[in-house]
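Student: Listed here are the chains, written in short residue letters.
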Amino acid sequence: MFKHLAGLVVVVLAMSFFVFCLQSILPADPARAVAGPTAPVATVEAVRERLGLDQPVIVQYGRFLLRLAKGDLGTSFRTRQPVTADIGKHLPATLELMSVAVFLGVVPAVALALLQASFPRPGLARVALIGLGSMPIFLTALLLVYLFWFKLAWLPGSGRLGLTDFSGPTGFNLLDGFLTGRPGVSVDAFAHILLPSIALALPIAVAIGRTMSSALHEVMQQAYIRTARGKGIGEARLVFAHGLRNAATAPLAMVGLQVRLLFGNLLIVERIFGWPGLGNYMVQSLASSDLPAVLGVSMVFGVLYIIVNIAVELCQSLADPRIDL
Amino acid sequence: MSVRAPVEDVAMREPVLTIEGLSVVLHRDGHANTVLDNIGFDVAPGEIIAIVGESGSGKSTLGLAVQGLLPREHRPWIRGSIRLDGTEIVGAPAHSLQAARRSLVRAISQDPMGALNPTMTIRNQLRESADNTDDVMFDWLRRTGLADPERIAASFPHRLSGGQRQRVLIAMAMMARPKVLIADEPTTALDASIQAQILALLQDFAREQDTAIVFITHDLGIAAAFADRLIVLHSGRLVEIGATGDVIEKPGHPYTAGLLAARFDLTTDRHRPLPTLPAARRPIGGMSQGCNYASRCPIATEDCKVRVPPLQPQHAHSGAVACFRAAQMPPPDRHLATPWPVRSTIRNDIALQLSQVRKRYPVGPRGLRAARYRDVLTSVDLSVDHGECVALLGESGAGKSTLLRIAAGLLAPDIGAVFRSDNTPQVIFQDAVSSLTPWLTIGEQVGERLRRSDICARQHARRIDETLELVELDAALKNALPAELSVGQCQRAVIARAVAVPPKLLLCDEPISAMDVSLAAAILNLFGRLRRRLDMAMLFVTHEQAAARIVADRIAVLKDGVIVMDNDPDHLIVAVPAPLAAPRQSQAQGGVR
Amino acid sequence: MTSIHDLAAFFAGPGAPWLARFGRIGRLERASIVGLLLITLIAIGAPWLTPYDPNLRVGDGYQPPSGAFWFGTDEIGRDLFSRIVIGVRYTWLPALALVLFSLVLGSAIGLVSGTAGRKTDMLIQRLTDLVLILPATLIALAVIASLGPGLANTMIAIAIVWWPWYARLSRDEVRRLVARPHVEAARIAGARGSRLMLRYLLPGVVPSLIVAATLDMANVVLTVSLLSFLGLGQAAPAPELGSMTARSLDSLTVFWWLPILPGAAIFLLCFCANLAGDGLRAALRGR
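Residue numbers (this note's numbering), protein chains in the order written: chain V, 654 to 978; chain Y, 10 to 602; chain W, 973 to 1259.
FYI, nobody ran anything at the bench for these hints, they're computed from the structure.
Any given hint could turn out to be false.
[Claimed, not checked] Have a look at the derived ranges for each label pair, beta carbon to beta carbon: (1) W/1175 x V/824: 50 to 60 angstroms; (2) Y/358 x W/1151: 47 to 57 angstroms; (3) V/781 x Y/287: 47 to 57 angstroms; (4) V/831 x W/1104: 39 to 49 angstroms; (5) V/831 x W/1029: 54 to 64 angstroms; (6) W/1170 x Y/312: 50 to 60 angstroms; (7) Y/453 x V/960: 45 to 55 angstroms; (8) W/1029 x V/662: 50 to 60 angstroms; (9) V/871 x Y/38: 39 to 49 angstroms; (10) Y/38 x W/1029: 55 to 65 angstroms; (11) W/1151 x Y/384: 56 to 66 angstroms; (12) Y/148 x W/1104: 28 to 38 angstroms.
[Claimed, not checked] Computed, partial: chain Y to chain V, Cβ under 8 angstroms: (13) 78; (14) 107; (15) 111; (16) 115; (17) 116; (18) 118; (19) 120; (20) 123; (21) 128; (22) 137; (23) 141; (24) 163; (25) 428.
Computed from a prediction, not measured in an experiment: that's the story for all the values here.
Think of the CB as a built atom: it goes at the ideal place given N, C-alpha and C, for glycine as much as any other residue.
Could you put the whole structure together from the sequences, leaning on the hints where they help?
Tutor: What follows is the structure, encoded as C-alpha cells:
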C-alpha cells in the first residue's frame, strides 16, 4: 500500500512537472495574457514580477508546486475564476457520468463473457464486438441521440436535469433526488444520464468483454479446470467457481486502461449531450486556448486515473492470492 | 478382444472397467489423427494395471477417454465401448458423464503444480470433491502423509511444494472413493525420494479401498515395480498385455523386448554402449496399414507391413501379444556392443576447477529492509580433468543448475574461484527443442560456431555436414527448421552445435530427463562416444542415478550446498545417502530381477 | 508460452508457410486485409480519384445523397463524398506514419533496453513508465493546447505519448526471448552484439509487434479523429473527418448525412484495421 501512495506522489510530481514545462515553453507570453493584449509594457512587466515570472525556472517550479499543494491551479483566462473553483463546480457531474458509464460497461460485459464461456459460440458475436469497438465515440453518441431522442423521443437528448434550479448535498443528482425526498428528480436524472453513459459505456463494454472472454477461454483450458471437471462438477459451476476469479486479472487491468481512454471520450460525449461537466468545460477552454483551465483539468483527470489504477491493483490482489500488494 | 490376466483373487471378480474396440481420432491443425486404434482390456476391482508407452503412444488419451474428458478443441471422434462399473461412457450424455466422474472414476495428473486452482483454498477444492466434514477431510490429508492438515487445508496451492500438492490431489481423488483411479505419470515431476512414497501410498489405497488403478507411465521399471498387470501401447495400438512378471521375463512382442533391453538401471553394464531401440517414426495420420512397429522391428517380415497383427494369446506367458512373429522372438541379448575403449589420457590435467564456490540468492519480498538471502551453494569444491566425465547428482533445488551456470561462466560466484582450461565451454540445456532458434535452419545454427574460424564457404558447408554425421543426424536436415525435427533429432542438433568446434569442456544440464527411456539410452551412447572421440571433459548434471552411473567416470553428489560425495560410480551406488538412492534401486531390482 | 512454438510452427510447416498460414485466416479478416491495402492506395491517390474538387462549391447546399452527389453536399454545396475521401487520406496516412514511427523507435529502444545491462534497462523503463501512466489523450491535448492546433502538431503530440507503448511491448518480448534457452545457447555458440540482436532476437519480436501495430491502427485513427473533432486538427476549411462531424452537429436532425457519414468513414477504417489485426493474430498465434 505504501508503494502505491509513493507511486501516486511520484506521478503527481511528474504530471505537475510536465504541466509546468508546457506552461514554460508556451509561445505566448503568460504575463501578456493576464495583463491583456492592449496593456502597456510597464503593466506587463509589473504582472510578470507579480506572477514571479522573472525568477529562475527552478524557483518558478517550486512556487508552482507550492501553489499546487494549496490547491491553486491558477485563474482561468476565459471565466476569470480560479480554476479550482471551476473544477469543483463541474466535477460531480463528470464523476456521476463516469461511474454510471463504468458500471454500464463492466456489468453486461462480464455477464456476456460468462455466458459465452458456458455456451461457446464464436464467429458472429466476435465480429459484432469488433464492429462495436470500431465506432468512433461521436458516431455512437450521434446515433443514440438521433434514434432515442429525435426519432423515438424516448429519452432527453441533452442536459443533466429537466429542472434548472436543483442542487443537492452531494452533487450527484441520482442520489440527491432521494436524499432530498424528491425521487422524481432522481428518475429525471436517470433519464438524462442514460444516453451519454451508454455512449461512454459501449467501448468499455467491448474491451472488457473481449478481454474477459479470452481470459476465460484460456483459463478454461488449464490443468486445474480439468481437475475440477474430473471431480464431476457441472459446467456452470466450473465457470463461476473456478474460471471467474482466475480470469479476473486481465479484465481488471483493462478497466484501468479504459478509464484512461474514457477521459478523451468524456470531452466529446459531454459536448454532444451538453453535459455540464469537466469535459464540456475542457472543450470550451480548449476552444478559447485557456491554458490554465486545460492543464488544471488534465491534472485532475491524471489524479483520478491514478486512483482508479490503485483500486484496480487492490482488486487484482483480492482476486489472486499470488499477487502481493 | 479383451484378455483377462489370471491374477488370482482379482480374476474371479466382475471387472470394474471394460474397454472394447476403442478407437479415438483427434484433430490437430486440421489433420485427423488416429490416436488410439481398437484398444480392449478389462480391469478388476483393486487391480493396478500399468499402461506403458513412449510419448505419442496415446496412453494419456486413453486415460482421458475413460473419464470422458477428451479435449474438445481437438474435436474428438470416438468409437467402441468403455464401461465403468456397468455405465457406458462412450456417447453418454453430459450429465451421466458428470455423475460417473463424480462417483466412479477420478484422476491424478502428471503436473501437480498446475492441477490445483491457484485462487481457491485447498479446503474449498477438497470440499468440491466429496461431501465430507472437515474432520474426515483432515483424516484423508493425514492418511496421505501430510502432517498438519489444518494448515494445508487453509492454504492456497502456491504455498505448497510439489510433493504436498500431489498428496492433496491424491486425497482429493481418493476421498470420493472412486472405483477407478487414473494416474497419469503421477511421479515424473517429483524427486526420486518422493516418487517412492507416492507410489507406495497409491498401492496402499488400491488395496485398502479396492480401487482399481490405471497407471500410465513411460517408465517400464516403475510400472514393473508397481503394477499387477502391464499393457504395452505402441503408436496407439495395444501390442502386449499380461501379468507383470510374465511380460518382464518373457516379453512376447519385439517392442516390449526392445524397451526392456534399452532400459538401464543401476546394474546395467556401464563399460559399453547401451542397447537401443530404433527411433520412433509415427506414420502419417497416426496408423499404418500393417503393424506400426514394423519400421522399427528387427524381425519384421513383408507380411508385417501389410496386415495388422491381431492380439493373440501368447504361448510364452498367460497374456496376449499382437505380433505375427512372437514365436520367433530371439532370446534377449544385452551384451552385443563392443566395450568402450579404455581411456589413455593423462590425468592431473585440469579442465575445470571450482574452489570454495558460494552463491546465494535473495529470498522473500524485496522491500526497504535488508534483503534476506538463501545459500544455494555454500562451499563447493569440484574439479574435472581433461577427457574425464563427472556427473553431478542432486535432487531438484539442490543448486545443480546454478553450479553448472557458474562453471560455464554464465553466472559469477559470490565467493570462490573458477578455473577453466577452455574459455568457451559449450553448454547443453535440458529442453533441446527450445534450445534451438525456431526461425533458423539447423545448418545455420550449427554453423554459428564455425563462423569465427577463418574458412571459406565450401569448407564451412563441409564442416557442417561432417558435424551432423558425427552426431548421426541426416545431412539433409541441415536445411530443416527445428519444428520439423523430433525431440531426439533436436537434441542431436544441439549437440552438433556444441561440438562443431570441439570444446575442451562440455557442460550438460539434465539433457535426457525429459526423454523416453529408449531415446535417453541413444543420447547417452552418443555422449559416451563423442567425449571419447573428441577427448572432451564433461560435467553432466542430472537427478537420475542410473544415467549418472552410466555416463560418468566419477560422480559428485550435491546436497545442502556442498559436495557430499565424490567417488567412483560403482562405489557410490553402495554408499549414497538413503533417501536419494533407495527408491529407484528397490523398484528397479524388485521389478526387473 | 505460446509464441515460440507457434512461431516455430509458423516459420516452419510444409510448403509455403506464410501463404499456408494466410489461408488459415478467416474469410472476413482476409477481405479486411485486402480492404486496408485498397484504402491505403485510395488514400495515396485521393487527389486524383475524387469526383469533384473537395474545396469548391459544386452544387446547391444540403443536397441529400443522390446519383450525382453520392453522399450529398454540405452547407455550402461542396461534394461530401470527395471531402470524405480526402478526409480519409488525411486520417489514414498520418496514422500509418505515426504507427510506423512508434514501431521503429519503440522497438529499437525496446531491443536496447531488453539486451542492455540492468541500469540502462531501469532508466528506460522508468521513463516509459512515466509516459505510459499519464493519460495519453490528455497529454496530447495539453501539448496541442500549448503548440497550437494543426496536423503536424497533432501528430507530434500523439507521437510523444505513443512510442513508449511499443518500447514496453518490444522490451518485454525481448526479455521473454532472452530468457529462452535458445538465445542463451546462441550466445554460448558465439553470437554477440548486433548479430545476436538482428538474427536471434528481432525475428522473434517482429511478429507480435506487427500484430500489435495493426490492432493499434484503429486506436490512432480514433484518437486523431477525436482531436480533430475537438478542433485540434487542421485549420477549418480542410476536410477532416472529425471536424466535419463537429461542425455539422447542429444539423443532425435535418441533414443527418452531414455529421453521420464522416463518422461512418472512420468506423469503416477502424473496423477494417481491427479485423485485419485480429486475422494476423490468428495467423501468428492460432486462436
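Student: Please list, smallest to largest, the hint numbers that this structure does not respect.
Tutor: Going through the list in order, the structure violates hints 2, 9, 11, 12, 23, 24, 25 and respects the others.
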